[in-house]
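2 protein chains.
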Amino acid sequence: MMKSLDRFVRALRRLPGVGPRQAERFAAYFLRASQGETEEFITALSSLKQDIKLCPVCFAYSDTEPCTICSDPDRDPGQICVVEDPQDIEAIEKTGAYKGLYHVLHGAISPLDGRSAEHVKVRELLARVQQAKEPVREVIIATDPDSEGETTALYLADLLRGQVGQITRIGYGVPLGGDIDYMDEMTLGYSLKGRTKI
Amino acid sequence: MMKSLDRFVRALRRLPGVGPRQAERFAAYFLRASQGETEEFITALSSLKQDIKLCPVCFAYSDTEPCTICSDPDRDPGQICVVEDPQDIEAIEKTGAYKGLYHVLHGAISPLDGRSAEHVKVRELLARVQQAKEPVREVIIATDPDSEGETTALYLADLLRGQVGQITRIGYGVPLGGDIDYMDEMTLGYSLKGRTKI
Numbered sequence: 001m002m003k004s005l006d007r008f009v010r011a012l013r014r015l016p017g018v019g020p021r022q023a024e025r026f027a028a029y030f031l032r033a034s035q036g037e038t039e040e041f042i043t044a045l046s047s048l049k050q051d052i053k054l055c056p057v058c059f060a061y062s063d064t065e066p067c068t069i070c071s072d073p074d075r076d077p078g079q080i081c082v083v084e085d086p087q088d089i090e091a092i093e094k095t096g097a098y099k100g101l102y103h104v105l106h107g108a109i110s111p112l113d114g115r116s117a118e119h120v121k122v123r124e125l126l127a128r129v130q131q132a133k134e135p136v137r138e139v140i141i142a143t144d145p146d147s148e149g150e151t152t153a154l155y156l157a158d159l160l161r162g163q164v165g166q167i168t169r170i171g172y173g174v175p176l177g178g179d180i181d182y183m184d185e186m187t188l189g190y191s192l193k194g195r196t197k198i
Numbered sequence: 001m002m003k004s005l006d007r008f009v010r011a012l013r014r015l016p017g018v019g020p021r022q023a024e025r026f027a028a029y030f031l032r033a034s035q036g037e038t039e040e041f042i043t044a045l046s047s048l049k050q051d052i053k054l055c056p057v058c059f060a061y062s063d064t065e066p067c068t069i070c071s072d073p074d075r076d077p078g079q080i081c082v083v084e085d086p087q088d089i090e091a092i093e094k095t096g097a098y099k100g101l102y103h104v105l106h107g108a109i110s111p112l113d114g115r116s117a118e119h120v121k122v123r124e125l126l127a128r129v130q131q132a133k134e135p136v137r138e139v140i141i142a143t144d145p146d147s148e149g150e151t152t153a154l155y156l157a158d159l160l161r162g163q164v165g166q167i168t169r170i171g172y173g174v175p176l177g178g179d180i181d182y183m184d185e186m187t188l189g190y191s192l193k194g195r196t197k198i
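Sequence order for the protein chains is B and C.
Quick note: the first sequence, position 157, residue 157 per the working numbering, numbers continuous.
Quick note: the second sequence, position 46, residue 46 per the working numbering, numbers continuous.
To be clear, the hints were calculated from the coordinates, so they are not data collected in a lab.
Warning: the hint list may mix true and false statements.
One copy or two, either will do: identical chains are not told apart, so a pair holds if it fits within one copy or between any two.
Claimed, not checked - SDA-like, lysine to any residue: derived pairs with alpha carbons at most 25 Å apart:
1. 197 with 123
2. 197 with 147
3. 53 with 42
4. 94 with 2
5. 121 with 132
6. 49 with 31
7. 53 with 28
8. 3 with 68
9. 94 with 23
10. 133 with 32
11. 193 with 35
12. 133 with 56
13. 193 with 179
Looking at chain B on its own, in the form it has when it is part of the complex:
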């Protein structure tokens, strides 16, 4: 295989879920694309990396500091919904069932993979809860319903008990082994309404 093609296909293979066949298809797309289209792609990628940073409050991706949700006076600062990944926020926003703030962990605790609480934004969550101007009434734990997500939920519940009004876990409607940001709006809306105290 040609060296430059091989190198680009290897770079494409690092994208999540991309196999050898799809990587080749993507490379073929770029080989056919005009120079202008390719430059637009590169510029869009460069701008993405340049403009989008982590919100210093909730750690969502944002092009403002703090992000639009954290700086929205209409959002309820007494509720914090904890998610694993930034994409989970958009999925929950789409339900329209939630008007509080978020906190992105950037992963889940997974002792088997050597990922402890220090590898995710847990310390930052505790500091945020302790330094909040008004006491936090509720922390909703919306980690994925798999073993890492459950481990993380239990860890957070232990950590935050006594620090916040109540700790809840979304549950109703989300199938086990699922992935929060693949969920349809209905199921996620139900799971928010049917959350249970832990």
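Here the structure of chain B is known, so what remains is to put chain C in place on it, guided by the hints.
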């Protein structure tokens, strides 16, 4: 949605077969990626566009002129296998059943979509056959077995009749409606061996 993210997601959506969900996953990958990884991706893409051109003989993608197959003295110049897309070559090479040369049309004739013979490299194939040092014994038409591929095969058979020893069409083993470069080696190998004269 943030402007830079939205722009990059739109650029990703132009990749073949990428839906909104996969585009968001890819964007999330790049947001998490280090600056170094992102730069490596951009460099790989830029090199791809810079180094890889069309072979002036067979119109395959190549970083040499002519390509390695066209310049290989061990390949049989008396056989030309005509394919729609550059990726088809690699699929056929993997069968190990073919030792001739190739000709890439870059598409198929599709009157319904307004793509006539001028939109693909048909004129170049005719010139190549007519200007060949030794007469071409066989042109194997390996266009996809769908309606555009069949139309193209019949068009080429008409065009080349009398200009080459014989014109064959791969057939045996390739399911109708299929896509040449998704085929397994066995099926493609059979379809090369079982080719029929048209």
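Worksheet item: Which numbered hints are broken by the structure, listed smallest first?
Response: 10 and 11
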